[in-house]
Structures are given as structure tokens and as C-alpha cells.
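A.B. asks: Listed here are the chains, written in short residue letters.
Number of protein chains: 2
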Amino acid sequence: MITILRLGHRPARDRRVTTHVALTARAFGADRVLVSTKDPGLERSVRDVARRFGGPFEIETGVAWRRAIAEWRGTKVHLTMYGLPIGDVLPKLPRDDLLVIVGAEKVPRLVYDLADLNVAVGNQPHSEVAALAVFLERYTKGAWEKRRWRGRMSILPSRRGKRVRVSRK
Amino acid sequence: MITILRLGHRPARDRRVTTHVALTARAFGADRVLVSTKDPGLERSVRDVARRFGGPFEIETGVAWRRAIAEWRGTKVHLTMYGLPIGDVLPKLPRDDLLVIVGAEKVPRLVYDLADLNVAVGNQPHSEVAALAVFLERYTKGAWEKRRWRGRMSILPSRRGKRVRVSRK
Numbered sequence: 001m002i003t004i005l006r007l008g009h010r011p012a013r014d015r016r017v018t019t020h021v022a023l024t025a026r027a028f029g030a031d032r033v034l035v036s037t038k039d040p041g042l043e044r045s046v047r048d049v050a051r052r053f054g055g056p057f058e059i060e061t062g063v064a065w066r067r068a069i070a071e072w073r074g075t076k077v078h079l080t081m082y083g084l085p086i087g088d089v090l091p092k093l094p095r096d097d098l099l100v101i102v103g104a105e106k107v108p109r110l111v112y113d114l115a116d117l118n119v120a121v122g123n124q125p126h127s128e129v130a131a132l133a134v135f136l137e138r139y140t141k142g143a144w145e146k147r148r149w150r151g152r153m154s155i156l157p158s159r160r161g162k163r164v165r166v167s168r169k
Numbered sequence: 001m002i003t004i005l006r007l008g009h010r011p012a013r014d015r016r017v018t019t020h021v022a023l024t025a026r027a028f029g030a031d032r033v034l035v036s037t038k039d040p041g042l043e044r045s046v047r048d049v050a051r052r053f054g055g056p057f058e059i060e061t062g063v064a065w066r067r068a069i070a071e072w073r074g075t076k077v078h079l080t081m082y083g084l085p086i087g088d089v090l091p092k093l094p095r096d097d098l099l100v101i102v103g104a105e106k107v108p109r110l111v112y113d114l115a116d117l118n119v120a121v122g123n124q125p126h127s128e129v130a131a132l133a134v135f136l137e138r139y140t141k142g143a144w145e146k147r148r149w150r151g152r153m154s155i156l157p158s159r160r161g162k163r164v165r166v167s168r169k
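Chains as they are written, first to last, in my numbering: chain A, 1 to 169; chain B, 1 to 169.
Read the hints as simulated data drawn from the structure, not as lab findings. Note that this is a predicted model, so its numbers are computed, not measured. Honestly, I wouldn't trust all of these hints.
What the hints assert, rightly or not - Result set (DSSO-like, lysine-lysine): computed pairs, CA atoms no more than 30 Å apart in a straight line:
(1) 162(A) to 141(A)
(2) 162(A) to 141(B)
(3) 106(A) to 92(B)
(4) 141(A) to 141(B)
(5) 141(A) to 92(B)
(6) 162(B) to 106(A)
(7) 162(B) to 146(A)
(8) 38(B) to 106(B)
Construct all of the structure, not just a fragment, from the sequences and the given hints.
C.D. replies: Laid out in C-alpha cells, this is it:
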């Protein structure tokens, strides 16, 4: 099981980027996303994608993040450009229940201490969405490519244009 | 050379996500980003990162996108969840000057026709930032990991906390 914990979410300012975080989590093999701030609109839009395109995928907002980290049984990884290079630490990562913490702007110092590992997907400023995508791509060895989703809606790969299959169920 | 073309950018609504696109482009090995709509604030913030953390990296906004695509000498790839699987098409991609087109919400049909290849990083809805990151990670075979940036500021990987080196030059 892979769970993503999104910190520092402010609904007005961050909803689009946090939606990107949540959908990236789902598409690249995470099972669940926890968001520190309550945001029913965010929950609705992410659940709507999972309902249409397939699941299971869970989202929970308004989560007490300190407790979520402290009580996690399994490995806790914090993605940050200040951390250790992913290429060095990924091979040593245990394969138990994984919590991947991604912040918005400023992440409290406590998170660096509570995490088992602070991991950098490059030590350059870029995007938590990009960091999460590349982390999951590598951690799962691209397992998302073989997954069959069985959602009500599915997109059929095509050379040009858009092909969508909608099944009745 | 790898150039990213960002379509459908609306400064008020999209600046944060487009900033993520631009910084992801830089961090994962692209040389330049072109943005369809004029946005001096976006240019400033991306140039500011390149000035502090190292370059070269260019951004240009207010670009006539139809012409940019039509006149491109080299391969033009459009990232879209409707396209062909990246795993199938990447090995066949020519290694000349590459234009990678990423849209915001709705991409005009013309783009699907002008592109040499419509490529899906998964046929699930997620994020253009994630799609770009994984595309560049695979296209460059993770070359970003070995790059030395030589910027005025650099982040020193660390186990906990933040270490930043600032050189005078």
C-alpha cells in the first residue's frame, strides 16, 4: 500500500496543484491520498475521477498530519529538494507500507525529523507533482503501465484525436 | 535541444501550474520553454530561478503557437492522455531537436494534427506536470541526475534539514 500525505494545502490557493498531486498519485500507483486541510470540493473532484475512470482510490481531507506521520506503521518518506538523492536511497527503501509526504510551500522542520528519509528527486526547485510522479515511477518500476483500470470510462490510445469508451454499469 | 511549448496559459488561473511546468522542464533537461500567452510575471519568476540556481534555461511568453509548431524543424510530440503509450513510441522517437507540447485544459484539435506524435504517459487523467516529468525522465534516461548546475546557489543533499551553498560571483 502506498499513501500520499499532502501538507500545507490551502483550498483557495492550492486546489489545482493538490488535485494534480492526487491524480498523479492515483495514476502512478498510490492507493490513497491524505490532505491536511478539510476541502470537500477537492474530495468531490478526485472521487469523481476515481468513480468514472476506475479505482480503488481514496482521498481524505482534514487529516491531523502530525498524528498521521507519528502513528504510521511502515516507512515514511518526505520528498524535498533538500534531501538525499533518490538514486542513492531508493534501493535501500523497505518494501512495506509506504507513506510519501509532499508539502506545498513551506514545510515545518518537524516533518524533516519525523520522516525516516528525506528524499530529493533532484536538488533543484521544480514541482511536488513532478517529484511525486518520478518517485512513484521509479519506486514501482513503472508498474502503472501494465495496470488495467476497468473503470466505467476508459480512453483508447489513438494516433490522433480522442477515443473514449463508456460502458454501462 | 529540447523545447517545451505550453498552450492555453491564462495568467490569473494558470500561473502556478505553468511555473511548475517550466521548472520541471528545466530540472529534467529541457533547454527552453515557450508559453502561448504573454506573462511577464511568469518570465520573471522562472528567470529568477535560472539566475540563482544555474542555467542556461530560456523562457519566452506570448509566442504564436501555430507558427511555432508549423515551423519547427525536428520532431514534435504532443503529450495527451488520448495518445499512444509512451512505452510503445519512445524507442522510435528520432533524436533530433524536440518540441514537447503540453496543454492546459482543452487543447485545439489542430494540435493533434500538427504533432508528429500524440503521446500518452498513461491513459488516465492526471497532470501535465507529471506527464512532462516522466516523459523527460525516460527520454533523457535520467540524465538530469548527473548534471552539474554551477549556479550561484546550490542545495547540498542532506539527511535532515536544509543546506544551501551560496557562492559570490
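A.B. asks: None of the hints should be skipped; say for each whether it holds.
C.D. replies: Evaluation of the provided hints:
1. 162(A) to 141(A): Answer holds: residue 162(A) to residue 141(A) is near 28 Å, not above 30 Å.
2. 162(A) to 141(B): Satisfied, since the Cα-Cα distance of roughly 29 Å is no more than 30 Å.
3. 106(A) to 92(B): 41 Å, violated
4. 141(A) to 141(B): 14 Å, holds
5. 141(A) to 92(B): 21 Å, holds
6. 162(B) to 106(A): OK: residue 162(B) and residue 106(A) at ~12 Å, within 30 Å.
7. 162(B) to 146(A): 38 Å, violated
8. 38(B) to 106(B): Holds. Residue 38(B) to residue 106(B) sits at ~18 Å (cutoff 30 Å).
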